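Asker: Spelled out, the chains give:
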Amino acid sequence: MNGIAVLIPIALLLGLGGLFAFFWSLHSGQYDDLDGASLRILIDDDRPTDDNG
Amino acid sequence: MNAPTSPVAEAKLPEALFSVPGMRCAGCIAKLEDGLPKTSGIVAARVNFTAKRLTLTHLPDVQIPALQQAISTLGFEAQPIGAALTRDDGGSRDLLKALAVAGFAAMNIMLLSVSVWSGAEGATRDLFHWLSAGIALPAIAYAGRPFFKSAWNALRHGRTNMDVPISIGVVLASALSLFETVVHGEHAYFDGAVMLLFFLLTGRWLDSVMRDRARDGVTALLKHAPAGALVIDNDGRSSWCDASSLRPGMTMLVAAGERLAADGAVIDGQSRIDLALLTGESTPVAIAQGDRVHAGTLNLDAPVRIKVLAIGEETVIADIARLMDQASQSRSRYVRIADRAARLYAPAVHTLAAASFVGWMITGAGWHQSLLIAVAVLIITCPCALGLAVPAAQIVTAGALMRRGILVKDGSALERLAEADRALFDKTGTLTLGRPEPIGLHDLGPEQKSVALALARVSRHPLSEALRRALEQEGNTASDLTDVRETAGNGVSAKLRGRAVALCRPDGTVPDDCLATSLVIEGQPSTTILFSDKMRPAARQTIDELAALGLPATILSGDRASAVAPIARALGLTAQTGMLPQDKLDTIARLKARGEKVLMVGDGLNDGPALAAGHVSMAPGSASDAGQNAADAIFLGDSLAPVATAVRAARATQQVVRQNFLMAIGYNLIAVPLAIMGLVTPLIAALAMSGSSLIVVANALRLRSAAK
Chain Y
180 MNGIAVLIPI ALLLGLGGLF AFFWSLHSGQ YDDLDGASLR ILIDDDRPTD DNG
Chain P
167 MNAPTSPVAE AKLPEALFSV PGMRCAGCIA KLEDGLPKTS GIVAARVNFT AKRLTLTHLP
227 DVQIPALQQA ISTLGFEAQP IGAALTRDDG GSRDLLKALA VAGFAAMNIM LLSVSVWSGA
287 EGATRDLFHW LSAGIALPAI AYAGRPFFKS AWNALRHGRT NMDVPISIGV VLASALSLFE
347 TVVHGEHAYF DGAVMLLFFL LTGRWLDSVM RDRARDGVTA LLKHAPAGAL VIDNDGRSSW
407 CDASSLRPGM TMLVAAGERL AADGAVIDGQ SRIDLALLTG ESTPVAIAQG DRVHAGTLNL
467 DAPVRIKVLA IGEETVIADI ARLMDQASQS RSRYVRIADR AARLYAPAVH TLAAASFVGW
527 MITGAGWHQS LLIAVAVLII TCPCALGLAV PAAQIVTAGA LMRRGILVKD GSALERLAEA
587 DRALFDKTGT LTLGRPEPIG LHDLGPEQKS VALALARVSR HPLSEALRRA LEQEGNTASD
647 LTDVRETAGN GVSAKLRGRA VALCRPDGTV PDDCLATSLV IEGQPSTTIL FSDKMRPAAR
707 QTIDELAALG LPATILSGDR ASAVAPIARA LGLTAQTGML PQDKLDTIAR LKARGEKVLM
767 VGDGLNDGPA LAAGHVSMAP GSASDAGQNA ADAIFLGDSL APVATAVRAA RATQQVVRQN
827 FLMAIGYNLI AVPLAIMGLV TPLIAALAMS GSSLIVVANA LRLRSAAK
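Protein sequences, first through last, are from chains Y and P. Be aware that the first sequence starts at 180, since it is given in my numbering, and climbs by one per residue. Be aware that the second sequence starts at 167, since it is given in my numbering, and climbs by one per residue.
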C-alpha cells in the first residue's frame with residue numbers, strides 16, 4: 180500500500196508532464212509543417228554564420 | 167536558421183505570403199530561405215513546405231512585384247496570396263488537444279481499472295475509484311466539449327445526431343460511476359466513458375485533418391487571381407495597388423503576360439487578350455482603344471493602359487461567383503453517410519437503453535441495478551466503431567490520393583464521387599492542357615533551338631514561356647546572346663556573335679486565329695513556330711475507363727464548335743458548344759431532374775457555377791482560383807488519368823465504409839444482448855469497444871493502395 184501511495188502520484192505526474200510537453204510543442208508550432216521538418220534535416224547547416232563566425 | 171537580428175524591429179515589418187507550388191525538396195527550402203534574405207529589402211524568409219507557402223518579411227517600401235521578381239530569379243514561380251485565404255480556424259488543433267487529454271486520462275484510468283478487475287478489494291478499490299474519478303471528470307469536461315456542444319445545438323433545434331447518445335452515455339456513465347464510487351460500489355465506468363471519447367475524438371480529428379490538408383493544398387495552388395495591379399497616378403508615377411483598394415477611374419498599367427485585376431476600358435495600347443478563363447474560348451481576342459476588358463483575363467502581347475470601370479462586386483467575375491454561390495446551395499444539403507446512419511442509430515440506442523431500464527425494473531431488479539444496466543447498454547452501443555468507420559476509411563483514401571496528386575476537399579466529396587453516374591467535361595484546360603504548346607519543334611536545327619531557347623528565356627510572354635518549357639524539356643542549352651532587347655508587342659531581339667537574331671510576331675502568312683512566333687536568324691530564312699493547345703495525356707484512355715465504370719461522358723464547352731470538333735472526334739464524345747455559364751448550369755439541372763448524378767470536370771471561371779452545381783466536381787491544378795474553390799477534388803499534373811483513379815478509389819472507400827458499418831453493427835448484435843442481460847462487466851465493455859474500433863481502423867488501412 181505504501182509503495183502504491185508513492186508510485187501512483189509519480190505515474191500521474193509523469194503522464195501529466197508528457198501531456199504538457201505535447202501541449203507546449205503544439206502551441207510552439209512544431210506540428211505546422213511536418214513534411215518540411217522531415218526535409219530540413221537534410222539541409223547543411225555548417226556554413227559560417229555572420230554573428231559569431 | 168534565419169535568426170532575426172532583432173525580434174522587436176522585425177515585428178513591425180510587413181509580411182507577404184506567396185504560394186510556391188514548385189518547391190519539391192530540401193534543396194528548394196534551403197535555396198529560398200538562404201537566397202532571399204540576400205536580396206535587398208527582404209529581411210527574412212520562412213518556408214512552410216506542407217502548405218507550399220513562403221512567408222517573406224520585408225521592408226515597408228518593397229512592393230509585391232519586386233518580391234515576386236526576387237523569387238523568380240531563384241527559379242521559382244510564385245503567386246502572392248491574401249492572408250485571409252491562409253488563416254487556420256484552429257479546429258484540428260483543438261480536437262488534437264482534446265484527443266491528447268482523453269488519451270492521457272484513458273491510459274491512466276485503465277491502469278487503475280486493471281488493478282480493480284484483478285481483484286483489488288475494499289479500501290484499495292475505493293481509492294482507485296476515487297483516483298479514476300479525479301482524472302476522468304476534468305478530462306471528460308475538457309475532451310467532451312465538441313460532443314456536448316454539438317449535441318446541445320441539435321437538441322435545442324429539436325433534432326438529434328450522433329452526438330446526442332454519445333453525450334448522454336458519457337454524462338450518465340460518469341454520474342453513475344461517481345455515485346458508485348461514493349457508495350463504495352463494485353464497478354465504476356470511468357474508463358469506458360473516457361475511452362469512448364478517445365476513440366470518437368480520433369475519428370473527429372482525422373476528419374478535420376483531412377479537410378485542413380486539402381485546404382492547404384488548394385491554397386498552395388491558387389493562381390490566376392491577380393492580387394493587385396500597377397496603378398498610374400496623375401503625375402505619371404506608378405505604384406502597386408491591392409485589388410481591394412482599386413477604385414473606378416484609376417488607370418492600370420497591365421503588362422504583357424499579366425492578368426487584369428478589374429473590369430475596364432482600354433485607354434491606350436493594342437494587344438490581344440486571352441479570354442479562356444472567362445469563356446473557355448482559347449483563341450486570343452484583339453483589343454484596341456475603347457474596348458471593354460474584364461478582370462481575370464490575360465493580356466498577351468503588349469502593355470496597355472486601362473481605365474478601371476468596375477471593381478469587386480460589379481465585375482463579370484463577381485456575377486459568376488454569385489451564380490456559383492446559388493448553385494452550391496443544393497450540394498450543401500447533401501447528407502453524409504455518417505449522419506444518415508446517426509439518424510437511425512440515435513433513436514434506436516435510446517429506445518434500447520430505456521427498454522432495458524424499464525424491463526429490469528419490471529422484473530424487480532431495483533432502480534440502481536436497472537440504471538446500471540441501461541448505462542452499460544448506452545456505453546456498449548455507443549457508436550465508437552461507427553464514429554471511426556467513415557473518417558478512418560476516408561482519410562486513408564485521401565492520403566493515398568494525395569500521394570498520387572489528387573487533393574480531395576472533404577469526406578463527402580468521396581461519398582458523392584462514388585455515386586456519380588455521368589461525367590461532363592469542359593474542353594479548354596480540362597480535356598486540353600489549356601496552354602499553348604509548340605508543334606513541329608523537331609524541324610528546327612540544334613543551333614536554331616539553342617538560339618530560340620536563349621531568346622525565349624528573356625520574355626514573360628506566354629508563347630515564350632511555352633517555347634522555353636518545351637525546349638528545356640528536350641534538354642537544349644541556350645546560346646550566349648548579347649545585346650538582348652525586348653520590344654513589347656513585337657518580341658525579343660539580340661545579337662549572336664555579331665548576327666542579329668529575333669523571336670518576333672510572324673508576318674501575314676499565318677492566319678490570325680493561330681498562335682505562332684517567328685524565329686529569325688540573320689543569314690537564314692525565318693522559321694515559323696506554330697503553337698496549339700494539346701490534349702491532356704491519357705484523355706482517351708480516361709474517357710474509356712469512365713465509360714467502363716458506368717460514367718458516360720459529354721463535352722460542355724464555351725468555345726466555338728469548330729474548336730471543339732477535333733477534340734470531340736478524337737475522344738468519340740458528343741459535345742455542346744458555345745455555352746455560357748448559365749447554359750452549363752441548365753444542362754446540369756436537366757440531368758439532375760432526370761435523376762442522374764453528374765461528375766463535372768472543368769477548370770475555368772466559366773465552369774465555376776457548373777462545378778458547384780454538379781453532384782461532385784473535379785478541377786485540374788491549372789484551373790482558375792474560382793474553379794478550384796468550387797471543385798470537390800483537384801488533380802495535379804498534366805494527365806487526365808486521375809479522374810478515373812479518383813472514381814475508383816472513391817468506390818473502394820465506399821465499400822470499406824459499408825464493411826465497417828457491417829462490422830460495427832455485427833459487434834452491436836453480439837454485445838448488446840449481453841449488456842441487456844446484465845452480463846457486461848467493465849472489462850468486457852472495454853475489450854469489446856477497443857476491439858471493434860481497432861478492427862474498423864485495420865480494415866480502413868487496406869485502402870492505402872486504393873489509388874492505383
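Don't read these hints as lab results, they were simulated from the structure. Just so you know, these numbers come straight off a predicted model, no measurement behind them. A few of these clues could be false.
Stated by the list, open to error - On the chain Y side, residues computed to face chain P include the following (Cβ under 10 Å): (1) A190; (2) L195; (3) L205; (4) D212.
Unchecked claim - These stretches of chain P come out as covered by chain Y in the derived footprint (C-beta under 8 Å, 3 or more residues): (5) 257 to 269; (6) 802 to 809.
The C-beta atom is built at its ideal place from N, Cα and C for all residues, glycine as well.
Asker: Take the hints in turn and mark each one as holding or not.
Answerer: These are the hints, each one checked on the structure:
Look at Y:A190: its Cβ gets to within about 7 Å of chain P, closer than 10 Å, so that hint holds up. Interface hint status for Y:L195: upheld, as the beta-carbon distance to the closest one in chain P is roughly 7 Å, under 10 Å. Below 10 Å, beta-carbon pairs count as interface contacts, and Y:L205 has one with chain P at about 6 Å; its hint therefore holds. Interface restraint check: Y:D212 against chain P, minimum CB-CB distance 5 Å, threshold 10 Å, status holds.
Counting residues of the segment 257 to 269 of chain P whose C-beta sits closer than 8 Å to any C-beta of chain Y gives 5, which meets the bar of three, so the coverage hint holds. Counting residues of the segment 802 to 809 of chain P whose beta-carbon sits less than 8 Å from any beta-carbon of chain Y gives 0, not enough to reach three: the coverage restraint is violated.
In the structure shown, a violation is registered for the earlier hint numbered 6 alone.
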